[in-house]
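S.K.: Build out the structure end to end from the sequences listed, making use of the hints.
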Amino acid sequence: MTPLAAHEIDERIERWSTLDEEHLRDEFAELGLYDGLPIVRPTPQMLAAFLDANGLDGSEKIEPIPPRDREASFKALALCAIVAGCAPHHLSVLRACADALGDPALNTRGVLTTTGSAAFAVVVNGPAREQLGFNGGANCLGPGVRSNAAVGRALALTTRFIGGALPGITDMATIGQPAKYTCCFAENEDENPWEPLHVERGFAREESTVTLLGIAGTMEVVNGFAHNASDYLHSLAGALAAPHAISPTDDPLIGGGQPVVLLSPEWARALAAEGLTKRAVKEEIF
Numbered sequence: 001m002t003p004l005a006a007h008e009i010d011e012r013i014e015r016w017s018t019l020d021e022e023h024l025r026d027e028f029a030e031l032g033l034y035d036g037l038p039i040v041r042p043t044p045q046m047l048a049a050f051l052d053a054n055g056l057d058g059s060e061k062i063e064p065i066p067p068r069d070r071e072a073s074f075k076a077l078a079l080c081a082i083v084a085g086c087a088p089h090h091l092s093v094l095r096a097c098a099d100a101l102g103d104p105a106l107n108t109r110g111v112l113t114t115t116g117s118a119a120f121a122v123v124v125n126g127p128a129r130e131q132l133g134f135n136g137g138a139n140c141l142g143p144g145v146r147s148n149a150a151v152g153r154a155l156a157l158t159t160r161f162i163g164g165a166l167p168g169i170t171d172m173a174t175i176g177q178p179a180k181y182t183c184c185f186a187e188n189e190d191e192n193p194w195e196p197l198h199v200e201r202g203f204a205r206e207e208s209t210v211t212l213l214g215i216a217g218t219m220e221v222v223n224g225f226a227h228n229a230s231d232y233l234h235s236l237a238g239a240l241a242a243p244h245a246i247s248p249t250d251d252p253l254i255g256g257g258q259p260v261v262l263l264s265p266e267w268a269r270a271l272a273a274e275g276l277t278k279r280a281v282k283e284e285i286f
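Counting in our numbering, the final residue of the sequence shown is number 286, and the numbers go up one at a time with none missing.
Worth flagging that the hints you see were computed from the coordinates, not collected in a lab.
A hint or two may mislead.
As the list claims (entries may be wrong) - Across the chosen pairs, the derived CB separations fall in these ranges:
no., residue 1, residue 2, range
1, E14, A242, 27 to 35 Å
2, E27, M172, 17 to 25 Å
3, G137, P167, 45 to 53 Å
4, S230, A29, 22 to 30 Å
Said to hold, decoys possible - Distance condition first, Cα-Cα at most 16 Å in a straight line; then the derived EDC-like pairs of lysine to aspartate or glutamate:
no., residue 1, residue 2
5, K282, E200
6, K278, E189
7, K278, E266
8, K278, E220
9, K61, E8
10, K180, E8
11, K282, D231
12, K278, E207
13, K282, E195
14, K61, E71
15, K278, E191
No residue lacks a Cβ here, since even glycine has one placed at the ideal position from N, Cα and C.
M.R.: So this is what it looks like as structure tokens:
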């Protein structure tokens, strides 16, 4: 299996649009681009609609994407969005994600080529959450909402098609994890008693943003016996110690990292009601 050069993707788009889904799926699989899920055939009309809806020139190049640092056209990015099942308005979110992949602070190459199980999670903040239909409420990490499922998958396909992260060749994950298919969700800003993530990171509340996280997996923390902030935070702190004991997150040999905690609205409200700020919670559990 030989990874396609970036220019080959652009050259093949026109031919791919003429294949039926079965033959297109077979060719993607042969090239190591297929993720095993059903695909949408990218017709010329769909490609034009996606680009026009976002005011993009299909021939214009995007920034190089690791691990092979390849640049491709916006048409190739639209292809990934269509194949993944996105709607045209989702391309703006995927474009922001693609831009973020080039940020050295994200360690994109490390996430995509590790023998560990790292994958990308996308967090959507601001007005785009509701305008584009992202779920930040019940089951936000699960199935049922097109925006969450399709955009997360489109990003994963982008790292394959354009970045060249092919399983067994450049993506060397020993076991992997479900988030390598898709992981995208919105922050539940409406029920958040504190400042949302993008405001904490210096953006205005009315701005729409995406934040990419390199995640190693999830751990559910349940404490049905906690009656106050101290009890609950003790459980959280104990859970955070477990992955650290197995694989220290501050070990420079494995790329460093930070824990990410998702709180239910119920506990966020309870902690805030006891006078705790988000910073105070972090200081308590970290």
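S.K.: Evaluate each hint against the coordinates.
M.R.: Consistency of the hints with the structure:
E14 and A242 have their C-beta atoms about 51 Å apart, which leaves the hinted 27 to 35 Å range violated. A hinted range of 17 to 25 Å holds for the C-beta pair E27 and M172, which are about 24 Å apart. Checking the proposed 45 to 53 Å range against G137 and P167 shows it is violated: the Cβ atoms sit about 33 Å from each other. Distance hint for S230 and A29: a CB-CB separation of about 53 Å, inconsistent with the stated range 22 to 30 Å.
A hinted pair counts as satisfied when its Cα atoms are at most 16 Å apart, and K282 with E200 qualifies at roughly 13 Å. Distance hint between K278 and E189 is fulfilled; the C-alpha atoms sit about 14 Å from each other, no more than 16 Å. Taking the CA atoms of K278 and E266, the gap is near 15 Å; set against the 16 Å cutoff, the hint holds. Distance restraint check for K278 and E220: the Cα-Cα separation of roughly 20 Å exceeds the 16 Å cut-off, and the hinted pair is therefore not satisfied.
For the hint pairing K61 with E8, the CA-to-CA distance comes to about 14 Å; that is within 16 Å, so the pair holds. For the suggested pair K180 and E8, the alpha carbons sit about 24 Å apart, so the restraint of at most 16 Å is broken. Restraint check: the Cα-Cα separation between K282 and D231 comes to about 15 Å, which is no more than 16 Å; the hinted pair holds. Annotation: proposed proximity of K278 to E207 is violated, straight-line Cα distance about 21 Å (limit 16 Å).
This hinted pair checks out: K282 and E195 have alpha carbons roughly 14 Å apart, not beyond 16 Å. For the suggested pair K61 and E71, the alpha carbons sit about 6 Å apart, so the restraint of at most 16 Å is met. Of the pairs offered as hints, the one joining K278 and E191 holds, with about 14 Å between alpha carbons and a cut-off of 16 Å not exceeded.
When the structure is compared with the earlier hints, violations turn up for hints 1, 3, 4, 8, 10 and 12 and for no others.
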